[in-house]
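Given chain E, put chain L in place with the hints provided.
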Amino acid sequence: DTAVSQTPKYLVTQMGNDKSIKCEQNLGHDTMYWYKQDSKKFLKIMFSYNNKELIINETVPNRFSPKSPDKAHLNLHINSLELGDSAVYFCASSQDGWGGVSGANVLTFGAGSRLTVL
Amino acid sequence: QQQVKQSPQSLIVQKGGISIINCAYENTAFDYFPWYQQFPGKGPALLIAIRPDVSEKKEGRFTISFNKSAKQFSLHIMDSQPGDSATYFCAASMDSNYQLIWGAGTKLIIKP
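Quick mapping for you: the protein sequence lines, in order, are chains E and L. So the first sequence is numbered by the working numbering: it starts at 1 and just counts up by one. So the second sequence is numbered by the working numbering: it starts at 1 and just counts up by one.
With a Cα cut of at most 30 Å, we get these calculated DSS-like pairs of lysine-lysine:
{"hint": "1", "chain 1": "L", "residue 1": "K42", "chain 2": "E", "residue 2": "K41"}
{"hint": "2", "chain 1": "E", "residue 1": "K44", "chain 2": "L", "residue 2": "K58"}
{"hint": "3", "chain 1": "E", "residue 1": "K9", "chain 2": "L", "residue 2": "K42"}
{"hint": "4", "chain 1": "E", "residue 1": "K40", "chain 2": "L", "residue 2": "K71"}
{"hint": "5", "chain 1": "L", "residue 1": "K107", "chain 2": "E", "residue 2": "K41"}
{"hint": "6", "chain 1": "E", "residue 1": "K71", "chain 2": "E", "residue 2": "K36"}
{"hint": "7", "chain 1": "L", "residue 1": "K107", "chain 2": "E", "residue 2": "K40"}
{"hint": "8", "chain 1": "E", "residue 1": "K67", "chain 2": "E", "residue 2": "K40"}
{"hint": "9", "chain 1": "L", "residue 1": "K71", "chain 2": "E", "residue 2": "K41"}
{"hint": "10", "chain 1": "E", "residue 1": "K44", "chain 2": "L", "residue 2": "K57"}
{"hint": "11", "chain 1": "L", "residue 1": "K71", "chain 2": "E", "residue 2": "K44"}
{"hint": "12", "chain 1": "E", "residue 1": "K40", "chain 2": "L", "residue 2": "K15"}
These aren't lab readings, by the way, just hints derived from the structure by calculation.
So here's chain E without its partners, still in its complex pose (with noise of 0.2 Å):
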């Protein structure tokens, strides 16, 4: 059973598109995370949302809306693609992400949803 599931896996579309990936957490978690991860490797995060409610914001275009319709999903919706927007993008979760009693942050990524906007 895999824990963070994301789809689609592989993502090829023209600028100026919208597009979303999908993402679903069986782990039980309360946090669900958006992370962009560019051709360098460098890890940024987009969003978090508690219970869905949507607690870290980072300075990301407006063009990328997420929404929470449960705890246990979090999608991500990108409007007007630029060629920028290409990365791999990484859905998690964790337990403790905020309040937590342990303090220990444990994120439970998916595989990642290849975007390439051409």
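What follows is chain L alone, placed relative to chain E:
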């Protein structure tokens, strides 16, 4: 002050050798320091982590060394194997704010 600086950017080690990756931080409020391992085509996965109340933590061939006064911590991989070839990330966080601050990553290649 929120940065975690990781070095080297890439590292090539012979099979059986010791791989060492270093990280440095500024914020003394950080109190949790994990290392994540990422294989090609996969997401990062927690490898080993340490709290600042100990100077070393060992799990199998992987050891974290922590120097609180120098604000540095490092990952040592003993008897490095080709299967250890991956990108390694250090990170830091604090209890008052669980957001992980990530290093830039080190691409490790173990040559047979």
